[in-house]
Amino acid sequence: MARLTRAQQQERTRAAVLTAARQEFAERGYADAKIDRIAERAELTRGAVYSNFPSKRALYLAVLVAAIEQPSPAGAPATTGAAEAPGQATAPDAARAPATSGEPPHSSIATRPGAPGEPPSTGTATNLGTSGEPPHPGTATRPGTSSEPPHPGTATRPGASGGPSLPDAGAGLGAFARVWLERLPLTGDTPAGGKLQARSLAGVFDDEPGRTALGQVARLEALLLGLALEAGLPRHERRVRLAELALTLLNGAGHLAETAPGYGDPFDVVRACRHLAGLDLADTWDPPYLPFVTPARSVADPWEPPAETPDLISRRPAELGADGVIAVLGAARLEAAEEAVRAARPGDRITVAVVTGDPAEIGRLVRLKVGDLASCLRHVFAPDAWPGLQLVIDEDAAVASAAGIPHAGDTTEGAVRVRDGRIVARAVGRGAAHAATTAGGRTGSVPGHAERDA
1 MARLTRAQQQ ERTRAAVLTA ARQEFAERGY ADAKIDRIAE RAELTRGAVY SNFPSKRALY
61 LAVLVAAIEQ PSPAGAPATT GAAEAPGQAT APDAARAPAT SGEPPHSSIA TRPGAPGEPP
121 STGTATNLGT SGEPPHPGTA TRPGTSSEPP HPGTATRPGA SGGPSLPDAG AGLGAFARVW
181 LERLPLTGDT PAGGKLQARS LAGVFDDEPG RTALGQVARL EALLLGLALE AGLPRHERRV
241 RLAELALTLL NGAGHLAETA PGYGDPFDVV RACRHLAGLD LADTWDPPYL PFVTPARSVA
301 DPWEPPAETP DLISRRPAEL GADGVIAVLG AARLEAAEEA VRAARPGDRI TVAVVTGDPA
361 EIGRLVRLKV GDLASCLRHV FAPDAWPGLQ LVIDEDAAVA SAAGIPHAGD TTEGAVRVRD
421 GRIVARAVGR GAAHAATTAG GRTGSVPGHA ERDA
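Sequential numbering from 1 applies to the sequence shown in the numbering used here.
Among the hints, erroneous ones may be present.
[Claimed, not checked] Below are the DMTMM-like pairs computed for lysine to aspartate or glutamate, each with C-alpha atoms no more than 25 Å apart in a straight line: (1) Lys56 / Asp206; (2) Lys56 / Asp32; (3) Lys56 / Glu43; (4) Lys56 / Asp358; (5) Lys34 / Glu258; (6) Lys56 / Asp283; (7) Lys34 / Asp410; (8) Lys56 / Asp280; (9) Lys56 / Asp36; (10) Lys34 / Glu11; (11) Lys34 / Glu208; (12) Lys56 / Asp189; (13) Lys56 / Glu258; (14) Lys56 / Glu11; (15) Lys56 / Glu40.
[To be verified] Using C-beta positions, here's what the derived DEER-type ranges look like: (16) Asp36 / Ala282: 33 to 39 Å; (17) Gly278 / Pro406: 45 to 51 Å; (18) Pro191 / Leu279: 30 to 36 Å; (19) Arg12 / Ser298: 38 to 44 Å; (20) Thr284 / Leu256: 28 to 34 Å; (21) Pro288 / Glu319: 31 to 37 Å; (22) Gly264 / Arg211: 25 to 31 Å; (23) Pro209 / Asp268: 32 to 38 Å; (24) Ala48 / Thr284: 50 to 56 Å.
Since the hints were made in silico from the structure, they are not lab data. What you are looking at is a predicted structure, and each value in this text was computed from that prediction instead of being measured. Beta carbons: idealized from backbone N, C-alpha and C, even for Gly.
Given only the sequences and the hints, what does the whole structure look like? Please build it.
Okay, here's the thing in structure tokens:
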């Protein structure tokens, strides 16, 4: 047999550790899992485990990230995150696999017979999406998706520039909730296996940096969902507070599923999310500090971005060379991403590069949460409604370095405006994303949805 290269050997060791860790966490849960047992399962030494993952928390997060980013090997338990294309799940383990973990193409707003955008009545199997019924073709059509009319009775609003109909916020939230809730454990799951299936972080982050990062990534999740719900609306109609409310309800349902199995009905949660859109939340974007932000400095520096940086939202290579804004934000300052989004000009490419002093734990946390939510968005919304920004994890601060943002860490706020392959403006400190985005001209369009201002 050919001798493995060092890189191949390291990859094989890492895969063995992840497989063993997945089994350990599924059987014993995060708190009771032991690195020694994981090493024994993998037939490795304790040192070999720690050479790949610096802590149990880093290893647990790696298992969860793998569950949403990689298909499961044949015969692997559902907690690995295996997914089947719509209508293909037949075996019990396949049926319980969350639809958000794979990469099937966009399937429009999923509906079933009955009330538009709502699930079947209570009493149907509580694992949403396992009935085997495909979504109605053409539901909630958009340009470039389907020419068929929406499902009869589906609430719609006019599309951009008089184009095909878009789903209203209620239909979009209902469909998003259905996909999100498929992670909930089933009645026969063990407590530990159910928590792994639900991607539970209960008891994982009890320190201040972790709690701060969790709060900030929750703000970022709400922004991404809010932007998807805003697609086709006038740019002044913000939906981020609605997204925050829906995610609060969904996360609460997930917590109850862990701590009080059998409580509540996920179909009721879906209906509640759908009707949240009827609330008047008086949502506006007008932070009081923005008028006092120091303007960006004009510069003329070369822009040489690192290659092969994946975008967590589209799962394609990020287009870092395009004209637009690169916002370098620490994990404790992710909420500043909206500064760039709201100030963007038509045609701007907005990229958020997340930096942290702890890529193994905090970096993986951001990658897990954003990747998970983005996967739900890809299952529900057509590509033209995906959030019009890119998000990359800048683990080695290569993007920050190329942008001239020194000493990048969890509290970093820095941004540059790129034009014709050069950095033409740079800002560092509070409000940097806003300063760089507004440098040198008129603003006022959410990237990816410039047609709203037409």
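*asked:* If you test the structure against every hint from before, which numbers come out violated?
replied: Checked against the structure, the hints that fail are numbers 6, 7, 8, 16, 19, while the rest are satisfied.
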